[in-house]
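Trainee: Let's have the full structure, built from the sequences with the hints guiding it.
Protein chains in written order, with our numbering: chain A, 1 to 117; chain B, 118 to 354; chain C, 355 to 464.
No wet-lab data here; the hints were simulated from the structure. Each residue gets a CB set at the ideal place from its N, CA and C atoms; glycine is no exception. Don't take every hint at face value.
What the hints assert, rightly or not - Simulated crosslink set (DSS-like; lysine-lysine; CA at most 30 Å straight-line):
no.	chain 1	residue 1	chain 2	residue 2
1	B	K237	A	K95
2	B	K330	B	K200
3	B	K237	B	K225
4	B	K330	A	K95
5	B	K330	B	K197
6	B	K225	B	K330
Unchecked claim - Examples of chain B residues lying across from chain A (beta carbon under 10 Å, computed):
no.	residue
7	Q232
8	S325
9	E326
10	A336
To be verified - Simulated DEER-style distance windows between Cβ atoms:
no.	chain 1	residue 1	chain 2	residue 2	range
11	B	A247	A	F86	45 to 53 Å
12	A	N115	B	A247	34 to 42 Å
13	B	N198	C	V371	20 to 28 Å
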Amino acid sequence: MTISAWRNRGHAAYGAFVVHRLSGLALALFLPLHFLVLGQALQGEAALDVFLRWTQAPLVQFSEIALVFLLAAHLTGGLRLLFVEFVGWRSETQKMLIASAGGVAAFCALAFALNLL
Amino acid sequence: MSTLAVSVWRGGADGRFQTFMVPRLDAQTVLDVVTHIQRRLDPTLAYRFACRVGMCGSCAMTVNGEPRWTCRTHVANVEKNGKLTIAPLAHLPIVRDLVTDMREFFDKWARARGQFQPTKTRRDDVARVAPSSTGRLAIDAAIECIGCGVCYAACEVVAWNPDYLGPAALNRAWTLVNDVRDGAGRARLAAVAGDAGCHACHTHESCSERCPKHLAPTASIAGLKRATALAALRGEL
Amino acid sequence: MRAETRLWLAQRASAAVLALCVAVHLVTMIAAVRGGLTAAEMLARTRGSVAWAAFYGLFVLAVSIHAPIGLRTIASEWLGWRGRTADAACTIVAVALLALGARAILAVTL
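Mentor: Written out as structure tokens, the structure is:
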């Protein structure tokens, strides 16, 4: 179909889905790297420290804060889904749940950032 | 008098948009616009409508990218700088212009076992179902669907997963799962489980956002997820 | 049908486990990163700890179930990749995560 596929998907739940899926994807791609880095400790403390010193770089620090946000967002979004699927769907609480999920995730990222920097 | 520049889809899947200039009137609906084009400007325009008062769902089309009932959409609410874009309902094969082939929509309804299966005959007593029972309340919340296809057109998963039964079919299946008189229980749960069924729903809620009857297929599908999970755990699936 | 329902259940069950693990992990991370993170600090916490080994063991197991199922859905919907090869890839990812995760746990707890 040559009709433009851009649609006004402006509603909150769709945005929540996009955040949930993309954060999950990012985390899934990050995870093997995370495991490999930790595995460096097999070579002893010094080997791990070499890598940890690299993480002082601003770009890496920013990425870490972003990852913490993505992890927290995936968690809070997931809790919302578990609520909808196992407890039930109420129209009034939907937007509130999405907003609180976003708020808690942002809070976690902020707390991490403040401690990191 | 001001005019509207209306882009209307013409042809089949490989068609194109054609622009018509339509007089802008007060209290004008999008269906009024389409009808004006067909009667005054181009009689070859194909489109569907019936009741024109928001009861039948036949006039569902894509207006400025969103699926809606054109008879219940005021131009004032959707026009953008005197422009309007009208296309056929998404995710369905186009017959011509604004008319889609709804067969797959209803075939999926059948595949979801969206038909009542009776267990009594006329010789039996009438079934007694309390209106306040949980099952009946669940049915009442979802039963008013008239099969207009707006939710199906709105659902992104329908676009991404060709086998997905879709919100309307699953919503109807949910009403039957809750019906104590129905006899297709196990078979229906098997029909709605899996990647083509309720488990493909990711709670975008596009269906519930767009349903012109303010139904919530999201809630019905969540119910189906619980029902199928319980059946799977019990070894009944 | 039945298999897919089971996958969905496994995803939700592992999600529930991960909810707890991630909450703990977030708090730990936020606290640990204070004043900079060094290998010595981190390993002092985890080395020789059965509790941390058990915790991370559960974490790795849950994520090895949860992530591949999610990736399988993304592959199916956005890449159109379905069927036996997709399922096989999903299993390989699960095994890889389990292996790398186990290695990481051993690295920091032994």
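Trainee: Indicate, hint by hint, whether the structure satisfies it.
Mentor: Here is what the structure says about each hint:
Proposed proximity of K237 (chain B) and K95 (chain A) is contradicted: the alpha carbons are some 44 Å apart, above 30 Å. For the suggested pair K330 (chain B) and K200 (chain B), the alpha carbons sit about 27 Å apart, so the restraint of at most 30 Å is met. Taking the CA atoms of K237 (chain B) and K225 (chain B), the gap is about 26 Å. The hint holds against a cut of 30 Å. For the suggested pair K330 (chain B) and K95 (chain A), the alpha carbons sit about 20 Å apart, so the restraint of at most 30 Å is met.
As the CA atoms of K330 (chain B) and K197 (chain B) are separated by approximately 25 Å, the hinted pair is consistent with the 30 Å bound. Proposed proximity of K225 (chain B) and K330 (chain B) is supported: the alpha carbons are some 21 Å apart, at most 30 Å. A distance limit of 10 Å between C-beta atoms decides the matter here; for Q232 (chain B) the minimum to chain A is near 25 Å, and the interface restraint is violated. Here the hint on S325 (chain B) is kept, as its CB sits about 7 Å from the closest CB of chain A, short of 10 Å.
Hint status for E326 (chain B) relative to chain A: holds, with the closest Cβ pair at about 5 Å, below 10 Å. For the restraint placing A336 (chain B) at the interface with chain A, the shortest Cβ-Cβ distance is roughly 4 Å, inside the 10 Å limit, so the hint holds. Checked against the hint of 45 to 53 Å, the pair A247 (chain B) and F86 (chain A) fails, with Cβ atoms roughly 26 Å apart. The hint said 34 to 42 Å for the Cβ distance between N115 (chain A) and A247 (chain B), and at roughly 57 Å that hint is violated.
The supplied range of 20 to 28 Å is broken by N198 (chain B) and V371 (chain C), whose beta-carbon atoms lie about 52 Å from each other.
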